[in-house]
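*Asks:* Sequence:
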Amino acid sequence: MAIKKRDSNIELFRIFLMLMIISHHYVVNSGITDLFRYDEISANTIFLELWGWGGKCGINCFILITGYFMCKQSFSWFKFLKLVLEVEFYSIGIYLILSLGGVTNFNFIELSKSVLILPRDIGHGFTGSFIALYLLIPYINMCINQMTKKQHSVLLIILLIIFTLIPTFLVTHVYEYLGWYVTVYLIGSWIRLYPQEWMTNQKKVVVILVINYLLVVASILAMFYFGLQKHQIIQWDIYYFVSDSNKVFAVTMSVLLFCFFKNINIGYNKSINKIAATVFGVFLIHTSGDAMRHFLWNDLLKTPEHYYSDTLFLHAIFSVLIIFAIGSLIDRIRTIFIEKPLFRIFNDIYINVYKQNQ
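1 is the number of the first residue of the sequence shown in the UniProt record's numbering; add one for each residue after it.
Simulated from the structure, these hints should not be mistaken for laboratory data.
Here the structure is a predicted model, which is why all the values come from computation and not from measurement.
Every residue gets a Cβ at the ideal spot worked out from N, C-alpha and C, and that includes glycine.
Hints should not be assumed to be uniformly reliable.
Lysine to aspartate or glutamate pairs mimicking EDC-like chemistry, simulated, CA-CA at most 16 Å apart [said to hold, decoys possible]:
(1) LYS274 - GLU339
(2) LYS302 - ASP34
(3) LYS113 - GLU88
(4) LYS113 - ASP290
(5) LYS340 - GLU86
(6) LYS270 - ASP7
(7) LYS79 - GLU339
(8) LYS274 - ASP7
(9) LYS82 - ASP290
Pair ranges (Cβ atoms, derived) [unchecked claim]:
(10) LEU116 - ILE326: 53 to 63 Å
(11) ILE122 - ASP290: 53 to 63 Å
(12) GLY179 - TRP77: 23 to 33 Å
(13) LYS79 - LEU314: 17 to 27 Å
(14) ASP237 - ILE122: 24 to 34 Å
(15) ALA325 - LEU81: 19 to 29 Å
(16) GLN146 - GLY102: 47 to 57 Å
(17) GLN202 - LEU342: 33 to 43 Å
(18) THR148 - TYR308: 54 to 64 Å
(19) GLY179 - LYS340: 28 to 38 Å
Modelling step: build the complete structure from the supplied sequences, incorporating the hints.
*Replies:* As structure tokens, then:
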């Protein structure tokens, strides 16, 4: 029987999300925000504010995708091993390359940090926390399968009050990576198990999405205005309502974007699916430590130097596209020449061991 080919709408979504995340990093990881002037409003400042808002929303969306699909699938140790080895490959490999290239000084303490990236990153960053979430999926799914729709809904309401409403509107910090990722996974599974009429009606989704995006823009501009009045833009975080994955607009935009792309019908596109398969690698490459961030955004792209340029928007667009394209190519090469041969060996070993135990 032929294997059913995966539709490309969600794969296109993955590509879109990674472009959003890189755009966010263009603003927040380059140091360009240090040049923002608080005594006047410039076109470049407004552009950067609106260009970099979507990073945390993108993270939410990747977890929503995981919850939506994995709540109906079995846990795979092979997939888990692929994820772990991919993380280690880039963490160690990029550190060694930067050290050999003189970008950063080599020492065994920093090398050990690269080797232990996953346990060190749990509760502190996306990668380690996502891998930890993946390990919990079988047990989360057991709970989901035992819950009624009402129980599932009430649990989500409680979690969203704790993680989203309280920290957003009472200006208090209630955030924990793994706890939040479990919450978003539960949202994704709820959308899969209990689809609402409006979520499948693309016209309604588009209208609500546009309204929500306008609210995001309004919140960013409003917070910037308050910062201008106080001359303390850092205190009045311009991205306040989307500054963390659990903030209210980061959550609502994530759900709406997911529904929008889920409803698109573009069938199967081989090229889109191949590119989408590299997005995790693109993420790992361009976020691989402080040395990599500084090298990429400051030494290579010289992002802060373009703050006063009339072509800043072109620099931002092409920087994001180039990072994605090169990262995607690197990961494609890694998959073909390292991952696939390695896992053919693993698969042969597994089959031989399985046969011996029969």
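*Asks:* Take the hints in turn and mark each one as holding or not.
*Replies:* Hint check:
1. LYS274 - GLU339: holds, 15 Å
2. LYS302 - ASP34: holds, 14 Å
3. LYS113 - GLU88: holds, 11 Å
4. LYS113 - ASP290: holds, 12 Å
5. LYS340 - GLU86: holds, 12 Å
6. LYS270 - ASP7: Distance of about 9 Å is within 16 Å: holds.
7. LYS79 - GLU339: holds, 11 Å
8. LYS274 - ASP7: Holds: LYS274 and ASP7 sit about 12 Å apart, inside 16 Å.
9. LYS82 - ASP290: With a Cα-Cα distance of about 25 Å, the restraint between LYS82 and ASP290 is violated, given a limit of 16 Å.
10. LEU116 - ILE326: 53 to 63 Å: About 27 Å separates the Cβ atoms of LEU116 and ILE326, which means 53 to 63 Å is violated.
11. ILE122 - ASP290: 53 to 63 Å: violated, 19 Å
12. GLY179 - TRP77: 23 to 33 Å: Check passed, 25 Å falls within 23 to 33 Å.
13. LYS79 - LEU314: 17 to 27 Å: violated, 39 Å
14. ASP237 - ILE122: 24 to 34 Å: holds, 25 Å
15. ALA325 - LEU81: 19 to 29 Å: Once the Cβ atoms are compared, 28 Å apart, the range 19 to 29 Å for LEU81 and ALA325 holds.
16. GLN146 - GLY102: 47 to 57 Å: holds, 56 Å
17. GLN202 - LEU342: 33 to 43 Å: holds, 42 Å
18. THR148 - TYR308: 54 to 64 Å: Given a distance of about 58 Å, which is inside 54 to 64 Å, the answer is holds.
19. GLY179 - LYS340: 28 to 38 Å: For LYS340 against GLY179, whose Cβ atoms are near 36 Å apart, the range 28 to 38 Å holds.
Violated hints, in rising order: 9, 10, 11 and 13; the structure is consistent with all others.
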